[in-house]
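A.B. asks: Each chain, letter by letter, is given below.
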Amino acid sequence: MTLPFDTAPKFQDYARPEMLVSTDWVAEHLGDPGLAVAESDEDVLLYETGHIPLAVKLDWHTELNDPVTRDYVDGAGFARLMSEKGISRDTTLVLYGDRNNWWAAYALWVATLFGHPDVRLLDGGRAKWIAEDRPLSTDTPNRRQTDYPVVERDDAPIRAFRDEVQAHLGQPMIDVRSPGEYSGELLHMPDYPQEGALRGGHIPGARNVPWARAAAEDATFRPRKELEAIYGGEAGLSPADDVIVYCRIGERSSHTWFVLHHLLGYPAVRNYDGSWTEWGNSVRVPITRGDKP
Amino acid sequence: MTATLNPRLQDIVDEFGAVPGQQKLQLLLEFSDELPPLPARYAEHRDRLEPVPECQTPLFLAVEVADDGTAHLFFDAPPEAPTTRGFAGILATGLDGLSAQEILATPAEFTTQLGLSDLVSPLRLRGMAAMLARIKRQIQQQQAAAAT
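Chains E and C, in that order, give the protein sequences. For the first sequence, my numbering assigns the number 1 to the initial residue and increments by one for each residue that follows. For the second sequence, my numbering assigns the number 1 to the initial residue and increments by one for each residue that follows.
In case anyone wonders, no lab produced these hints; they're calculated from the structure. For each residue, glycine too, the CB sits at the ideal point set by N, CA and C. Please note that a few of the clues may not be correct.
[Stated by the list, open to error] Keeping only pairs whose Cα atoms sit at most 30 Å apart, straight-line, the calculated DSSO-like set for lysine-lysine is:
hint, chain 1, residue 1, chain 2, residue 2
1, E, LYS292, E, LYS225
2, E, LYS225, E, LYS128
3, E, LYS128, C, LYS24
4, C, LYS136, E, LYS85
5, E, LYS128, E, LYS85
6, E, LYS10, E, LYS128
[As the list claims (entries may be wrong)] DEER-style ranges, computed between Cβ atoms:
hint, chain 1, residue 1, chain 2, residue 2, range
7, E, THR69, C, ALA18, 29 to 37 Å
8, C, GLU50, E, ARG162, 51 to 59 Å
9, C, ARG41, E, ASP24, 41 to 49 Å
10, C, GLN101, E, GLU226, 52 to 60 Å
Based on the sequences and whatever the hints tell you, model everything.
C.D. replies: Quick look at the structure:
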């Protein structure tokens, strides 16, 4: 059962308005059968301090990643995870989280690898919900276990691997990291030195559009016109392009992937989740330093 | 072989060892909630605190070695970073007020004994090891300065 779409006027301008819901919409539909709200944060304890009532927790690090191989869980693993969370294949899954929805967008992208039919993002995420003084709960919701089917992951449409990125050199790529990481001055994101790389710089030809350009101050997405000016105007992308986006480990670029694919409607956008922690540690791959593509 | 922990830190390790999976997170949250606020001399002068950028959310700390050789620890991390606060709370509860020598003797790998690797991820745990390393370094610097 699919819940109604959010008809908020702002969303109707986007290519796929059904991919977003507002805080008002979530407040109105909380507890509806067929809806699951899941919080996905950078801080693994933030959910425990209080979350949207009835929301379940979905941790990128300990749940969506395979514990051994650097990869996501497989079809059986995802089915098990969704079943434990009380999410069915026909559940409307609404994701939200801290840090401008980075991890929520990442979780949405992973759910898309498994083709979950109806998954949406709460515009503005956790910050907006709290800024509006909406209720938080520390109760663990009691969702009945489901029997989520095993669906094999389909990486090809939205996920790029290193070899594919090498074959893509010369075609449109967006590096969504900070200017310091892009130029090679910084080997890691400011304040995140533990996920560094041996080499600094960017993939040749990639343009630098930091992910935050797409976010307004209240953590919501900027209106479509502004997004078009940034990605179409400044970065010179066009919807006909085959685009690869990357960052450091693929989470910030999930945010940009969401913007390009769902909000602007570009059909061919892939997220390179190996990102700089793979490229910047790889032997003999080309690297460009400095602030030019 | 595991190096010996001071009794207070050992109690904390035992406490974590005594509760199953998800309850360890609740315990970590309690340490986060109980982290004492900064005294005014730091709250009003945050520039006197040392940043610990290895934590996912930056944490700030200060160490004071008193004339009697005991060391006092001060931490600052925002409420929206409960994991980082929880790590700081463990170190505050386990080390604050001990002698500088006891703190310096704390094995760096004690953070792996809390059973949090699977729940929190080893990457996030590195933040706590980094805090401990900086605390030790501050103590050594202050001892060196006092000796000259």
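A.B. asks: Run every hint past the structure and note whether it holds.
C.D. replies: We went through each hint and held it up to the structure:
1. LYS292/E x LYS225/E: holds (26 Å)
2. LYS225/E x LYS128/E: The given pair, whose Cα atoms are some 22 Å apart, holds under the 30 Å limit.
3. LYS128/E x LYS24/C: Given that 30 Å is the threshold and the Cα spacing comes to 29 Å, the pair holds.
4. LYS136/C x LYS85/E: violated (42 Å)
5. LYS128/E x LYS85/E: holds (24 Å)
6. LYS10/E x LYS128/E: Cα-Cα ~16 Å, so holds.
7. THR69/E x ALA18/C: 29 to 37 Å: holds (32 Å)
8. GLU50/C x ARG162/E: 51 to 59 Å: With Cβ atoms ~38 Å apart, the hint is violated.
9. ARG41/C x ASP24/E: 41 to 49 Å: Given range 41 to 49 Å: holds, Cβ gap about 45 Å.
10. GLN101/C x GLU226/E: 52 to 60 Å: holds (59 Å)
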